[in-house]
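Q: Okay, here's what each chain looks like letter by letter:
Protein chains: 2
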Amino acid sequence: MKGIKIFSPATVANLACGFDVIGLALDFPKDEIFLYKSNKPGIRINKIHGTSLPNDPKKNVAFVALQFFLKKFQQKFENEKKIGFEIELIKNIHPGSGIGSSAASAAGVVYGANILLGNPFTNIQLIRFAMEGERVASGTAHADNVAPAIMGGVTLVRSYKPLDITKLHTPNKLWVSIIHPQIEIKTSDAREILKQKILMTDAIIQWGNIGALVAGLYQEDYGLISRSLEDVIVEPIRSMLIPAFYELKMKCKEIGALGGGISGSGPSVFMLSKGTHIAKKVTEVMNHVYSPLKVDYKTYTSPINQQGVQWAKIL
Amino acid sequence: MKGIKIFSPATVANLACGFDVIGLALDFPKDEIFLYKSNKPGIRINKIHGTSLPNDPKKNVAFVALQFFLKKFQQKFENEKKIGFEIELIKNIHPGSGIGSSAASAAGVVYGANILLGNPFTNIQLIRFAMEGERVASGTAHADNVAPAIMGGVTLVRSYKPLDITKLHTPNKLWVSIIHPQIEIKTSDAREILKQKILMTDAIIQWGNIGALVAGLYQEDYGLISRSLEDVIVEPIRSMLIPAFYELKMKCKEIGALGGGISGSGPSVFMLSKGTHIAKKVTEVMNHVYSPLKVDYKTYTSPINQQGVQWAKIL
Numbered sequence: 013m014k015g016i017k018i019f020s021p022a023t024v025a026n027l028a029c030g031f032d033v034i035g036l037a038l039d040f041p042k043d044e045i046f047l048y049k050s051n052k053p054g055i056r057i058n059k060i061h062g063t064s065l066p067n068d069p070k071k072n073v074a075f076v077a078l079q080f081f082l083k084k085f086q087q088k089f090e091n092e093k094k095i096g097f098e099i100e101l102i103k104n105i106h107p108g109s110g111i112g113s114s115a116a117s118a119a120g121v122v123y124g125a126n127i128l129l130g131n132p133f134t135n136i137q138l139i140r141f142a143m144e145g146e147r148v149a150s151g152t153a154h155a156d157n158v159a160p161a162i163m164g165g166v167t168l169v170r171s172y173k174p175l176d177i178t179k180l181h182t183p184n185k186l187w188v189s190i191i192h193p194q195i196e197i198k199t200s201d202a203r204e205i206l207k208q209k210i211l212m213t214d215a216i217i218q219w220g221n222i223g224a225l226v227a228g229l230y231q232e233d234y235g236l237i238s239r240s241l242e243d244v245i246v247e248p249i250r251s252m253l254i255p256a257f258y259e260l261k262m263k264c265k266e267i268g269a270l271g272g273g274i275s276g277s278g279p280s281v282f283m284l285s286k287g288t289h290i291a292k293k294v295t296e297v298m299n300h301v302y303s304p305l306k307v308d309y310k311t312y313t314s315p316i317n318q319q320g321v322q323w324a325k326i327l
Numbered sequence: 013m014k015g016i017k018i019f020s021p022a023t024v025a026n027l028a029c030g031f032d033v034i035g036l037a038l039d040f041p042k043d044e045i046f047l048y049k050s051n052k053p054g055i056r057i058n059k060i061h062g063t064s065l066p067n068d069p070k071k072n073v074a075f076v077a078l079q080f081f082l083k084k085f086q087q088k089f090e091n092e093k094k095i096g097f098e099i100e101l102i103k104n105i106h107p108g109s110g111i112g113s114s115a116a117s118a119a120g121v122v123y124g125a126n127i128l129l130g131n132p133f134t135n136i137q138l139i140r141f142a143m144e145g146e147r148v149a150s151g152t153a154h155a156d157n158v159a160p161a162i163m164g165g166v167t168l169v170r171s172y173k174p175l176d177i178t179k180l181h182t183p184n185k186l187w188v189s190i191i192h193p194q195i196e197i198k199t200s201d202a203r204e205i206l207k208q209k210i211l212m213t214d215a216i217i218q219w220g221n222i223g224a225l226v227a228g229l230y231q232e233d234y235g236l237i238s239r240s241l242e243d244v245i246v247e248p249i250r251s252m253l254i255p256a257f258y259e260l261k262m263k264c265k266e267i268g269a270l271g272g273g274i275s276g277s278g279p280s281v282f283m284l285s286k287g288t289h290i291a292k293k294v295t296e297v298m299n300h301v302y303s304p305l306k307v308d309y310k311t312y313t314s315p316i317n318q319q320g321v322q323w324a325k326i327l
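Chains as they are written, first to last, in my numbering: chain A, 13 to 327; chain B, 13 to 327.
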């Protein structure tokens with residue numbers, strides 16, 4: 013096998029109370045990546061469709077993640093010197109949208125390369141390589157987008173040292189509505205406005221909610237999931253960066269959304285719902301709230317993607 | 013039915029990373045309470061065995077909780093004026109031990125009174141009444157001991173306003189070892205030494221752990237439970253109040269304990285283990301660490317009590 017086509021999903025990190033630890037994978041949108049193994053050493057990005065990404069390879073997430081993968085592969089198998097990759101990226105997930113565009117690129121290429129080389133690495137190793145791509149994109153090697161992109165479903169990052177990630181049980185009627193207001197919020201800026209210290213009383217509320225959210229997912233208790241989707245620490249600060257955030261949230265919940273919040277560091281906003289029907293109505297409400305505003309936007313309705321990144325053989 | 017005997021369990025609150033939100037019920041030790049319905053209005057505590065508790069009824073946890081119960085009962089059923097209770101308490105759980113002595117009294121009497129009066133109240137209402145007893149004992153109406161005492165198992169208090177409590181799934185091989193060093197730590201003092209503000213980075217570690225602990229319980233993944241039983245916020249401060257805390261913890265984990273921490277606000281220390289055999293060895297290690305110290309202590313080994321408070325008819 014010399015070439016594969018990879019579908020790499022958008023992801024929602026910072027799942028309300030699960031700030032920095034819980035993320036999930038979506039079925040839509042997803043990037044398409046064509047990855048070819050080559051006998052010519054080095055990594056070459058031949059084409060990028062759909063957006064402009066850095067030409068400088070050191071700043072390109074897919075390049076950096078794959079370079080890290082290749083370095084580790086060649087440390088493991090010392091005779092494998094003549095390996096290179098050719099990449100073609102079709103970016104359907106807009107960079108800067110807050111739904112894991114960089115993670116999709118990074119996760120996609122390392123997952124694909126692993127298949128092409130006979131699966132030498134585990135998922136947790138692939139996540140670690142993809143995190144190096146994230147470091148280029150946002151300044152920190154966070155795992156809360158690449159983990160669900162690679163493992164699928166809803167994932168929890170318990171710890172970074174050592175890296176400890178669990179795929180949580182998810183009720184199958186859980187759907188996601190997303191609105192991506194096309195304004196720019198840099199992850200680094202969104203980080204800077206957060207406080208370094210928080211009230212103990214707020215932290216306790218947050219970890220009560222996160223415990224209950226995890227319990228709600230395992231028990232398939234949509235009421236408990238709904239009550240737990242509350243973020244008393246980050247949302248009150250970051251929401252000011254997103255037009256009509258509270259109106260959006262209120263109206264989505266009125267129509268039946270379980271709850272939601274800011275996706276990643278924004279500007280996208282996500283809402284969870286029980287079942288396709290309500291999720292579609294929630295997305296309609298998102299459109300309705302944003303259509304009078306002078307802001308371009310896109311909306312998506314998607315089930316949770318249980319498989320994560322997928323591939324098809326092409327050569 | 014005029015009289016019942018109640019067995020009300022000891023409980024462990026502040027389950028490591030689950031500070032202020034997760035607690036569990038034990039099979040041993042447990043208090044015994046004899047409760048009689050009377051036609052003579054008022055509440056009378058006739059005897060207390062095993063310890064000295066406040067004579068002033070307003071400071072007695074069982075009295076206050078039952079008084080609150082009775083007030084709510086008479087608000088609900090306006091004709092029921094001629095109801096009173098007689099109480100006899102056999103305290104096997106030492107007050108100030110940190111394993112829910114006051115909660116056992118409060119939970120026991122309201123649970124028993126509810127049976128005697130034909131179950132007019134739900135568990136969540138009983139927890140609320142018992143919390144009024146806790147307010148007398150420690151200054152705050154916390155629920156993290158009375159909830160597991162009444163519901164059994166491992167409970168999570170998601171929120172106080174409104175009161176929202178979930179009983180979590182628990183793997184049936186989970187056992188608890190307890191050591192109660194007989195030194196005095198007042199809950200109010202243990203609260204005062206805590207910081208009002210904490211680092212965001214620490215809070216994120218804590219809620220990663222609590223999410224993973226809940227996931228570990230549902231998945232019956234003892235490894236994940238073990239890795240999650242970490243408290244980076246409260247334990248580093250409160251542990252200084254407990255003799256040989258870190259030696260105790262280290263040696264218990266060496267022999268096979270999954271992990272543990274301070275029970276409630278101390279001075280008791282708990283350790284969780286997989287299975288009776290390891291739990292008993294862990295308790296032996298506790299004895300071994302404490303026997304050279306000039307501190308009296310007691311140890312217990314118990315499975316998790318899935319039923320919580322229980323009763324038997326006596327009249």
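Please note that a few of the clues may not be correct.
The list treats identical chains as interchangeable, and a pair is accepted whether it falls inside one copy or across any two copies.
Capping the alpha-carbon separation at 25 Å, the derived lysine to any residue pairs in SDA-like fashion look like this [unchecked claim]:
1) 179 - 232
2) 49 - 176
3) 293 - 39
4) 17 - 50
If you are wondering where the hints come from, they were derived from the structure by calculation, not from laboratory data.
Q: Where does the structure disagree with the numbered hints, that is, which hint numbers, in rising order?
A: 2
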